[in-house]
Amino acid sequence: MKKTSGIEIENQAIENSIKEIATKLFRNKEVDAILGYSAGTIPMASPPIIIRKESDVNKLVWNNFCSINLAKNLLELVPKSFDDKKNNLKIGIVAKGCVGRALIHLAAENQIELKNIKIIGIACNGIINKKRIEKEIGEREIIDISLFNEDILIKGKGFEQPFSYNEYLNELCKKCKVKSPPTSPELKEICSGKCEEVLSIEDDFKDISDYELKSYDEKWKYVKDLLTNCIRCYACREACPMCYCHLCFVDQNKPLWFGKTTELSEIIIFHLIRAMHLAGRCVACGACTSVCPMGIDLNLITRKLEQIVKERFNFTSGLNIVDLPPMATLNMSDKEDFITEEN
Amino acid sequence: MNLTEIKSEQEEKNLEKEWVPKIIAFLCNWCSYAGADLAGVSRIQYPPSIRVVRVPCSGRINPFFIIKSLVDGWDGVVVSGCHPGDCHYLSGNLVARRRFAVLKDLVTFFGIESDRVHFMWASAAEGERFANLIKKITKTIKELGPNKKFQKNW
Numbered sequence: 010m011k012k013t014s015g016i017e018i019e020n021q022a023i024e025n026s027i028k029e030i031a032t033k034l035f036r037n038k039e040v041d042a043i044l045g046y047s048a049g050t051i052p053m054a055s056p057p058i059i060i061r062k063e064s065d066v067n068k069l070v071w072n073n074f075c076s077i078n079l080a081k082n083l084l085e086l087v088p089k090s091f092d093d094k095k096n097n098l099k100i101g102i103v104a105k106g107c108v109g110r111a112l113i114h115l116a117a118e119n120q121i122e123l124k125n126i127k128i129i130g131i132a133c134n135g136i137i138n139k140k141r142i143e144k145e146i147g148e149r150e151i152i153d154i155s156l157f158n159e160d161i162l163i164k165g166k167g168f169e170q171p172f173s174y175n176e177y178l179n180e181l182c183k184k185c186k187v188k189s190p191p192t193s194p195e196l197k198e199i200c201s202g203k204c205e206e207v208l209s210i211e212d213d214f215k216d217i218s219d220y221e222l223k224s225y226d227e228k229w230k231y232v233k234d235l236l237t238n239c240i241r242c243y244a245c246r247e248a249c250p251m252c253y254c255h256l257c258f259v260d261q262n263k264p265l266w267f268g269k270t271t272e273l274s275e276i277i278i279f280h281l282i283r284a285m286h287l288a289g290r291c292v293a294c295g296a297c298t299s300v301c302p303m304g305i306d307l308n309l310i311t312r313k314l315e316q317i318v319k320e321r322f323n324f325t326s327g328l329n330i331v332d333l334p335p336m337a338t339l340n341m342s343d344k345e346d347f348i349t350e351e352n
Numbered sequence: 009m010n011l012t013e014i015k016s017e018q019e020e021k022n023l024e025k026e027w028v029p030k031i032i033a034f035l036c037n038w039c040s041y042a043g044a045d046l047a048g049v050s051r052i053q054y055p056p057s058i059r060v061v062r063v064p065c066s067g068r069i070n071p072f073f074i075i076k077s078l079v080d081g082w083d084g085v086v087v088s089g090c091h092p093g094d095c096h097y098l099s100g101n102l103v104a105r106r107r108f109a110v111l112k113d114l115v116t117f118f119g120i121e122s123d124r125v126h127f128m129w130a131s132a133a134e135g136e137r138f139a140n141l142i143k144k145i146t147k148t149i150k151e152l153g154p155n156k157k158f159q160k161n162w
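So the protein sequences, as listed, match chains A and B. Each number in our numbering corresponds to the 1-based position in the first sequence with 9 added. Each number in our numbering corresponds to the 1-based position in the second sequence with 8 added.
Derived by calculation from the structure, the hints in this document are not laboratory data. Even for Gly, the Cβ is constructed at its ideal location relative to N, Cα and C. Just so you know, not all the hints are guaranteed correct.
[Unchecked claim] Every beta carbon over 10 Å from chain A, so not counted as near; a handful from chain B, in silico:
no.: 1; residue: Asn37
no.: 2; residue: Leu46
no.: 3; residue: Val49
no.: 4; residue: Val61
no.: 5; residue: Pro71
no.: 6; residue: Ser131
[Claimed, not checked] For lysine-lysine, the following DSSO-like pairs were computed, each having C-alpha atoms within a straight-line distance of at most 27 Å:
no.: 7; chain 1: B; residue 1: Lys156; chain 2: A; residue 2: Lys223
no.: 8; chain 1: B; residue 1: Lys144; chain 2: B; residue 2: Lys25
no.: 9; chain 1: A; residue 1: Lys184; chain 2: B; residue 2: Lys30
no.: 10; chain 1: A; residue 1: Lys230; chain 2: B; residue 2: Lys25
no.: 11; chain 1: A; residue 1: Lys263; chain 2: A; residue 2: Lys62
no.: 12; chain 1: B; residue 1: Lys76; chain 2: A; residue 2: Lys230
no.: 13; chain 1: A; residue 1: Lys263; chain 2: B; residue 2: Lys76
no.: 14; chain 1: B; residue 1: Lys150; chain 2: A; residue 2: Lys223
no.: 15; chain 1: A; residue 1: Lys62; chain 2: A; residue 2: Lys94
no.: 16; chain 1: A; residue 1: Lys124; chain 2: B; residue 2: Lys144
no.: 17; chain 1: B; residue 1: Lys25; chain 2: A; residue 2: Lys228
no.: 18; chain 1: A; residue 1: Lys33; chain 2: A; residue 2: Lys188
no.: 19; chain 1: B; residue 1: Lys25; chain 2: A; residue 2: Lys215
no.: 20; chain 1: A; residue 1: Lys269; chain 2: B; residue 2: Lys25
no.: 21; chain 1: A; residue 1: Lys223; chain 2: B; residue 2: Lys25
no.: 22; chain 1: B; residue 1: Lys76; chain 2: A; residue 2: Lys269
no.: 23; chain 1: B; residue 1: Lys144; chain 2: A; residue 2: Lys233
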């Protein structure tokens with residue numbers, strides 16, 4: 010007898026709550042459009058969708074492959090969305106924890122105005138790392154995916170393979186402590202659904218402590234092996250909600266900071282500087298890793314950024330709109346342990 | 009002895025000389041550059057390993073300058089500015105300090121020796137301190153040896 014899995018029930022409950030809130034928002038004329046996840050046409054991918062009327066609400070879905078951070082799509086949508094009288098359209102957005110954090114951080118950086126946005130908060134139950142599954146499936150074609158007990162069941166032509174749900178979760182989702190979008194008294198009006206007030210996140214960063222103990226040469230070798238497959242397609246940049254520069258440093262050619270080849274040193278600079286630019290801004294959504302066509306795992310860098318910012322500046326991005334990002338502000342009493350002194 | 013002989017003799021001498029690292033130094037116009045100047049006019053001896061780039065303020069330094077220098081084969085990078093609170097532009101060095109903190113952590117995390125990148129403060133009156141720090145930095149970079157991590161393998 011088939012046992013209905015807990016995850017499937019959870020997913021169904023989340024999907025129903027999305028649909029319910031979306032219907033309500035359309036009926037009360039609180040939104041003109043809603044940005045959410047749709048079922049898509051291929052397995053293991055849930056592309057974004059914009060719906061404009063109540064009858065389309067059933068197109069919204071929730072599953073464990075909704076890895077895209079919709080804040081990025083919203084950021085591109087907002088400057089284009091006006092009605093005939095040049096008024097801003099009101100947009101609703103289906104937000105898991107990291108989408109909510111990205112929205113709040115973008116508002117803190119004055120990139121979007123939250124007053125025209127309605128957050129449909131959901132308590133995310135984790136995103137599955139499809140790159141790992143794809144790696145194990147290899148060339149074989151996936152036809153169907155279902156959840157069975159605590160497993161993900163992958164079905165294809167002539168094979169059926171179960172993967173443990175808990176093990177194949179995205180690494181960042183295993184560590185995630187903000188499952189639903191953070192809110193604060195000033196954001197109460199725009200939040201609907203499940204939103205939680207988060208003041209700070211406690212984290213011990215045990216997962217990267219092993220890596221930190223390695224010698225310089227070992228670390229360099231690890232980074233080299235990790236990034237050697239990078240083809241510089243910049244999919245990570247395109248998926249990142251925080252990469253909104255009109256001209257990215259890799260596209261600059263006056264001055265030409267570094268070459269455009271896939272030579273290893275140039276790949277490493279790209280990832281190093283991108284990490285530098287994301288310090289204090291990365292919301293750890295894992296979108297960059299989930300879109301990488303070469304299956305490069307950037308989670309380690311993401312975790313390190315979180316750790317640096319937490320330990321040096323006691324800041325976690327995207328929790329409230331009041332705190333300025335650490336790189337945009339200064340403090341006379343910062344730690345100076347890295348400065349070279351005479352003795 | 010003709011000219012070519014003298015030249016080749018000099019070249020031999022140069023080869024015998026021990027390896028001296030090439031270090032690029034970004035000095036802020038108002039404090040560190042004047043500090044380096046003071047070290048010069050006071051005739052304080054320090055290793056001739058640094059090549060100075062004068063910048064208006066340590067806040068002008070994009071982390072990219074530092075990475076680019078390492079990629080281009082400099083053995084080390086020194087960034088020097090005014091002491092915190094003494095910045096000519098009031099807060100330039102405080103902004104820079106945050107950037108440098110993150111950069112140094114990240115560079116270490118990527119496996120580049122953290123001793124290749126140095127940040128220091130030196131005021132216009134601290135010629136001796138400047139010389140001492142450059143001595144110390146040159147020594148540490150000398151121990152690391154040439155910077156070969158970014159060598160291109162075509």
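How the hints compare with the structure:
no.	hint	verdict
1	Asn37	20 Å, holds
2	Leu46	16 Å, holds
3	Val49	21 Å, holds
4	Val61	15 Å, holds
5	Pro71	5 Å, violated
6	Ser131	13 Å, holds
7	Lys156(B) <-> Lys223(A)	19 Å, holds
8	Lys144(B) <-> Lys25(B)	20 Å, holds
9	Lys184(A) <-> Lys30(B)	43 Å, violated
10	Lys230(A) <-> Lys25(B)	32 Å, violated
11	Lys263(A) <-> Lys62(A)	46 Å, violated
12	Lys76(B) <-> Lys230(A)	20 Å, holds
13	Lys263(A) <-> Lys76(B)	15 Å, holds
14	Lys150(B) <-> Lys223(A)	22 Å, holds
15	Lys62(A) <-> Lys94(A)	20 Å, holds
16	Lys124(A) <-> Lys144(B)	55 Å, violated
17	Lys25(B) <-> Lys228(A)	33 Å, violated
18	Lys33(A) <-> Lys188(A)	23 Å, holds
19	Lys25(B) <-> Lys215(A)	47 Å, violated
20	Lys269(A) <-> Lys25(B)	38 Å, violated
21	Lys223(A) <-> Lys25(B)	34 Å, violated
22	Lys76(B) <-> Lys269(A)	14 Å, holds
23	Lys144(B) <-> Lys233(A)	31 Å, violated
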